[in-house]
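Q: Residue numbers (the numbering used here), protein chains in the order written: chain A, -8 to 417; chain B, 21 to 302.
What the hints contain is simulated information worked out from the structure, not anything from laboratory work.
Any given hint could turn out to be false.
[Stated by the list, open to error] 16 Å max Cα-Cα, derived EDC-like pairs, lysine to aspartate or glutamate:
1) A/K228 x A/D167
2) A/K396 x A/E219
3) A/K213 x A/E400
4) A/K299 x A/E33
5) A/K104 x A/E322
6) A/K372 x B/E154
7) A/K325 x A/E73
8) B/K76 x A/E171
9) A/K228 x A/E171
10) A/K412 x A/E382
11) A/K346 x A/E335
12) A/K41 x A/E322
13) B/K266 x A/E371
14) A/K192 x B/E264
15) A/K404 x B/D71
16) A/K334 x A/E318
17) B/K266 x A/E229
18) A/K182 x A/D143
19) A/K174 x A/E229
20) A/K346 x A/D360
21) A/K182 x B/E154
For clarity, every value in this text was computed on a predicted model and none was experimentally measured.
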Amino acid sequence: MRKIGGVLLATLLLAAVMVSGCIGGKEEAKVVWASTQLNPPEERAFVLEKLLPPFKDETGIDVEFVPLSYADLSTRLAGEMEAGKVTIDVIGDLHGGLDYFNSQGWLMDLSDKKLEGRTFIESFMKYATDKDGKIFYIPWMSATYVMVINKDAFKYLPAGLTEEDVIKGTEKWTYDALLEWAKNIYEQTGKKALGFPAGPKGLFHRFLHGYLYPSFTGYEAKNFDTPEAVKMWNYLKELWQYVNPTSTTWDSMADPLLQGEVLIAWDHTARIKNAIETKPDQFVVVPVPRGPKGRGFIVVLAGLAIPKNAPHPEEAWKLIDYLTRPEVQVEILKNVGFFPTVKEAADAVPEGPLKILANGVAAQSSTKDALIVMIPNLGEKGGEFSAIYREAFQRIVLQGEDPAKVTAELKPKLYGLFQEKGLEVP
Amino acid sequence: MRTRHLPYLLILPALAYLLFFIGYPLLEALYLAFTKNGTFSLETVRRATSDPMFWKALKYTLAFAAVIVPLQLVLALILALAVNRAFRGKDLAIYVLVIPLTISDVAAGLIWYTMLSDHGFMNKLLMNLGIISEPIHFFGYQYRNMEFLAIVIAELWRATAIVFVIILAGLQMISREYLEAAEVFGAGYWTRLRRIVIPMLKPSIQSALIIRTLFAMQVFGVVWILAGRDIPVLAGEGFYQLTEIKDYGVASIYALTIALLSIVLGALYVKFLKAEYLEVRQ
């Protein structure tokens, strides 16, 4: 009896193998898309359930989405390149990572490929092109950090600053004007109306290295302890008198904005989205102020690249073409809150809360004095990098230590991180 | 099967559980904390202890325990004595007192955050009553003392119940005969409390103290919600090192420090709070 069962099972298995072989006989291409982006479960669900099915319906190309951490991706890619057997067709990663892969010579040149009906934002294209003029990735999604203003705050604008200045980000919208404004609100209402996400999981360190430092010193880290930096810290100390003290416990600004605890806040677009969606009439998103050296702000830029010797380059390019279409980019913005990289998509965003955000982001990236900053690609040392700025803030602003002394003390540690990774100090 | 093997066999599942869920992570933590490139090294320890946050976290963790645990003991004792008599609605009262036990520490933190924030219930109430004109600020680095107070309040609210339950159980085990006999000899309420109730409660008090003190070493959720890293504690800093800085070695040092403190404090309790049983006292 047992024997018969065994034979039956073996026959069944054999049949199954044959049948599956027959189905796959046409040798349909399966594109492997490795990505460090869209990895959280709900974003992954969006990719699998909404983003990819229309592509398969249209082209018949199957896509295997492989979410990876940066460390895993870079190890895998290095291994595949060394072994000469590449399995990845499309890489979705942040600018820093792609830049590194390109410097290793792992990425295909996409300069001669054309995409119809879309204009990429120039500054993004600039980042995607290396010094030899090679386009090594196609800008895919972006994110940034902006200011949100509760419209009530406009009642207390300081003399010489108009609502339009703030919304458009003109010359007059400076950090000094912000200080005046916050002071004004405090004097007239007794309210410390300015708020930052300076809690343990908040992104306040990004404000320090990506906004204040470049705006005051021209660089993220290079001028860490210069007289300009000391001036910047003294400015922040003064500003902090009008910052809601609860800031040191806030991880995101959506709730404080909705509660009315603050009227002006700075945070990541994804972390304030909720406030704008809840009360779209109450808030506007505006560019950040400018400093003496320009208007520093961070752009998080993700791109799509094809590794050299990828098994299905044609199909890979079709996927890239699909992912950068304006309507697909709007879909991405709606679902996961990343902003488009093509101009046509910005116009295709429907009216409503997202439009408010998109307008603010667009206004910020098109200011004349824009000083775009990228988060340095320090890999697992990224946490330490952030911690240095947080420590400086804690010691200088909260504990009142001398900025010159603290920055001089921390500078070797900061520079050391870049040295260790073999990167230039940005 | 011979019966003398049976006890060992029965203890095996528990042993396997301990080895897998406690022994293995402990070894892993020790490895992360005390090695570098595979050889023994104290570098991670130096990195952890050279950060002033480590000492602050240690100080605050002990300070919380020193403030909260005695308060909880006294409060729980009073509550237990109040409830441990026949009155209408006694069961209901016990249920109500135990409710906070069912709430997680993070949820408790959030509840107290909304109660105490500038626009929270407490401030609104006091302002409407005309007692204060400006809200009392509880949160933010410059109000660390108030944050400390808020955490103490939230912890008292949340975790006194566990001490209360243990002490109430202890109280209910005390035979009425002792108390009646004492009464016959003319002992008043205080005398009975001091000479009979408290000594007989010692085993319960010891258990409650050990449990609470050990939990206090791990205090985290409430602090994290109410004060962020304004007030660092060991568990919070360990979490921060692990998730934000990604320094697994230093995170392990924090975890091991908590473990070490727990062992030392537990041993001290057992040594100095020897339970006395009235029956066996000669």
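Q: If a hint holds in the structure, say so; if it does not, say that too.
A: Each hint, compared with the structure:
1. The suggested pairing of A/K228 with A/D167 holds, with an alpha-carbon distance near 13 Å, which does not exceed 16 Å.
2. Our distance criterion of 16 Å between C-alpha atoms is met by A/K396 and A/E219, whose separation comes to about 14 Å.
3. For the proposed pair A/K213 and A/E400, the alpha carbon gap of about 14 Å is at most 16 Å, so the pair holds.
4. A threshold of 16 Å between alpha carbons decides the hint, and for A/K299 with A/E33 the separation of about 31 Å lies outside it, so the pair is violated.
5. Straight-line distance between C-alpha atoms of A/K104 and A/E322 comes to about 24 Å, which puts the hinted pair past the 16 Å bound.
6. For a cut-off of 16 Å, the pair hint linking A/K372 to B/E154 is broken: about 44 Å separates their Cα positions.
7. Taking the CA atoms of A/K325 and A/E73, the gap is near 39 Å; set against the 16 Å cutoff, the hint is violated.
8. For the suggested pair B/K76 and A/E171, the alpha carbons sit about 36 Å apart, so the restraint of at most 16 Å is broken.
9. The straight-line distance between the Cα atoms of A/K228 and A/E171 is roughly 14 Å, inside the 16 Å bound, and the hint therefore holds.
10. At most 16 Å may separate the alpha-carbon atoms for a hinted pair to count; A/K412 and A/E382 exceed this at roughly 21 Å.
11. For a cut-off of 16 Å, the pair hint linking A/K346 to A/E335 stands: about 14 Å separates their Cα positions.
12. With a C-alpha separation of about 9 Å, the suggested pairing of A/K41 with A/E322 holds against the 16 Å cut-off.
13. Between B/K266 and A/E371 the CA atoms are separated by roughly 7 Å; this keeps the pair inside 16 Å, and the hint holds.
14. Between A/K192 and B/E264, the direct Cα distance comes to roughly 8 Å. Compliance with the 16 Å bound is thereby established for this hinted pair.
15. A C-alpha spacing of about 13 Å is found between A/K404 and B/D71, which places the hinted pair at or below 16 Å, so the restraint holds.
16. For the given pair, A/K334 sits about 11 Å from A/E318 by alpha-carbon distance, which is consistent with the 16 Å threshold.
17. With a CA separation close to 33 Å, the supplied pair B/K266 and A/E229 exceeds the 16 Å bound.
18. For the suggested pair A/K182 and A/D143, the alpha carbons sit about 13 Å apart, so the restraint of at most 16 Å is met.
19. Proposed proximity of A/K174 and A/E229 is supported: the alpha carbons are some 10 Å apart, at most 16 Å.
20. At most 16 Å may separate the alpha-carbon atoms for a hinted pair to count; A/K346 and A/D360 exceed this at roughly 23 Å.
21. A C-alpha spacing of about 10 Å is found between A/K182 and B/E154, which places the hinted pair at or below 16 Å, so the restraint holds.
Checked against the numbered hints given earlier, the structure breaks hints 4, 5, 6, 7, 8, 10, 17 and 20 and satisfies all the rest.
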